[in-house]
Amino acid sequence: MRGRRRDAGALFPRDRAMWVDGGVIVTAEGTAASPFDFVSRFFAPQLGIPEDPVCGTAHCALAPFWAAKLGKKKLLAYQASKRGGVLELCVDDDSRRVLLRGTAVIVSIGVLLS
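In the UniProt record's numbering, the protein residues as written are 1 to 114.
Treat the hints as calculated values from the structure; they're not laboratory data. Quick reminder that beta carbons are idealized off the backbone N, C-alpha and C, glycines included.
Have a look at the derived ranges for each label pair, beta carbon to beta carbon:
| # | residue 1 | residue 2 | range |
| --- | --- | --- | --- |
| 1 | G71 | I109 | 39 to 47 Å |
| 2 | T31 | I109 | 33 to 41 Å |
| 3 | V26 | V105 | 20 to 28 Å |
| 4 | G102 | V26 | 15 to 23 Å |
| 5 | K73 | I49 | 24 to 32 Å |
| 6 | A61 | V111 | 31 to 39 Å |
Sequences and hints are given; from them, build the entire structure.
Here it is in structure tokens:
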């Protein structure tokens, strides 16, 4: 998924009705040789985000899907963007929440004036 960057445009559905809230999530199960349960990419060019480096919102949607498919509640995910990122996910069925953990990266600093 990561090595095929030039083919990213082919991943977009041609019918915009299939886009979810202006974005497209692409995902695949991890391989036996990989430590990851699944990998993903997230694109939202019409929102000004050609590709989100690591999208917590997308992973909160993906975690219940992969938890059910793989039969496990704790998952390790990789977002295969240029920067890339590892996310630890835990699906809590009782609260219907996904607990998400990973390393944050500062991309901007600013000051708000009143």
